[in-house]
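**Student:** Turn these sequences into a full structure, and let the hints guide you.
Chains as they are written, first to last, in my numbering: chain S, 1 to 112; chain E, 113 to 226.
It is worth saying that the hints were derived from the structure and are not from the lab.
Fair warning: there could be bad hints in the mix.
When the alpha-carbon atoms are kept at most 25 Å apart in a straight line, the in silico BS3-like pairs for lysine-lysine are as follows [claimed, not checked]:
hint, chain 1, residue 1, chain 2, residue 2
1, E, K134, S, K73
2, E, K152, S, K111
3, E, K152, S, K78
4, S, K55, S, K78
5, E, K153, S, K73
6, E, K148, E, K134
7, S, K70, S, K55
8, S, K78, S, K111
9, S, K73, S, K55
10, E, K153, S, K78
Taking beta-carbon pairs under 8 Å as the criterion, some of the chain S residues facing chain E (in silico) [stated by the list, open to error]:
hint, residue
11, Y33
12, Q44
13, V48
14, F91
15, A97
16, G103
Ideal placement from N, C-alpha and C gives every residue a C-beta, glycine not left out.
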Amino acid sequence: AQTVTQSQPEMSVQEAETVTLSCTYDTSESDYYLFWYKQPPSRQMILVIRQEAYKQQNATENRFSVNFQKAAKSFSLKISDSQLGDAAMYFCAYRSANDMRFGAGTRLTVKP
Amino acid sequence: ETGVTQTPRHLVMGMTNKKSLKCEQHLGHNAMYWYKQSAKKPLELMFVYSLEERVENNSVPSRFSPECPNSSHLFLHLHTLQPEDSALYLCASSQDRGPLYEQYFGPGTRLTVT
Numbered sequence: 001a002q003t004v005t006q007s008q009p010e011m012s013v014q015e016a017e018t019v020t021l022s023c024t025y026d027t028s029e030s031d032y033y034l035f036w037y038k039q040p041p042s043r044q045m046i047l048v049i050r051q052e053a054y055k056q057q058n059a060t061e062n063r064f065s066v067n068f069q070k071a072a073k074s075f076s077l078k079i080s081d082s083q084l085g086d087a088a089m090y091f092c093a094y095r096s097a098n099d100m101r102f103g104a105g106t107r108l109t110v111k112p
Numbered sequence: 113e114t115g116v117t118q119t120p121r122h123l124v125m126g127m128t129n130k131k132s133l134k135c136e137q138h139l140g141h142n143a144m145y146w147y148k149q150s151a152k153k154p155l156e157l158m159f160v161y162s163l164e165e166r167v168e169n170n171s172v173p174s175r176f177s178p179e180c181p182n183s184s185h186l187f188l189h190l191h192t193l194q195p196e197d198s199a200l201y202l203c204a205s206s207q208d209r210g211p212l213y214e215q216y217f218g219p220g221t222r223l224t225v226t
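**Tutor:** This is the structure in structure tokens:
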């Protein structure tokens, strides 16, 4: 079974600064997708960004970008110009045709 | 508003009770999911329905019984639960069940088993 590891249970960042959340995964499959989800304190989880494994170019969505290292099986999330509304739990997720796994999450605190 | 609603939002039940969780999606999606979210643990996928047919059941105990009467509604029937079943239960939907499709999550039901 594929595993997804988020090694940072908690992270904090100063407002307007940049923070990087780590995620590694284990798989023997070649075709898969990686996701970062955000779960604010209100609990409704939303998609932040998605990366297709076959694409070499790193995905970017406004202030959110990823560093996808396929050989190293690493998928980190970079949040630039952090805002108070970015405070949440962030989950890394792996999906393939055969499997779907989430990491345990990283709690991000944004300090004003 | 993600278009996925769940009721109730909070539920406290005894181990001998029978209760049901309800999920409704207003997005016209074909796939629906139940997840269990426990503190400091990865989200666990429980069941997947595609076009009202159960396509995945990830070794979930039989005290959890899903039902999908149509593509918009998903239920999780609970009976004879254990205290370790206390968790946040999340429902999600997607256009299709393939990995390409984004999942939209509901707000969850916080379940406490006493």
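**Student:** If you check each hint against the structure, which ones fail?
**Tutor:** Hints 1 and 13 contradicted; others consistent.
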